[in-house]
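> Construct the complete structure from the given sequences, taking the supplied hints into account.
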Amino acid sequence: MLETVPLKKRQEAKQEVAELKMLRFSLGVTRMDRIRNEDIRGTAHVRCFGDKVREARLRWFGHVQRRNCEYIGRRMVRLELPGSRSRERTKRTFTDVVREDMKLVGVREEDAEDRVRWRHMSHCGDP
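Going by this note's numbering, the sequence shown opens with residue 1, and the numbers climb by one from there.
Some hints here could point you the wrong way.
Said to hold, decoys possible - Quick list of simulated restraints, FRET-style, between CB atoms: (1) G42 to G73: 31 to 41 Å; (2) H45 to Q11: 23 to 33 Å; (3) A44 to E80: 35 to 45 Å.
The set of hints was computed from the structure by calculation and includes no laboratory data.
Beta carbons: idealized from backbone N, C-alpha and C, even for Gly.
Spelled out as structure tokens, the structure:
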């Protein structure tokens with residue numbers, strides 16, 4: 001469910017901090033030990049939170065893109081609502097976030113038609 005929500009950068013950072021706190025606790029490491037985050041992730045064999053969410057978001061987007069044009073999910077991805085958002089809401093839409101993810105990973109929308117290729121190119125989660 002989290003992959004469909006366009007998170008703010010601050011929210012992503014808070015999620016990563018919470019994830020690292022849990023990893024440190026499970027490994028028995030404290031902040032006083034001064035071990036780098038990358039080393040903790042390497043020891044636990046875990047990738048960062050943002051990579052996992054990005055992979056799930058791209059997987060879902062590829063699934064929707066392969067459906068026919070009349071599919072409600074495909075129409076909802078492209079939906080633009082009139083009016084402005086309230087102050088608390090982020091201006092980033094799901095489509096904006098997916099475009100950023102595709103640019104970062106190096107895939108195009110057309111690549112989603114080939115399921116095997118899309119899965120291989122969009123995979124960026126656990127090692």
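> Take the hints in turn and mark each one as holding or not.
Consistency of the hints with the structure:
1. Between G42 and G73 the beta carbons are some 37 Å apart, a value that agrees with the proposed interval 31 to 41 Å.
2. At about 25 Å, the beta-carbon gap between H45 and Q11 stays in the expected band of 23 to 33 Å.
3. Take A44 and E80: their Cβ atoms lie about 41 Å apart, and the range 35 to 45 Å holds.
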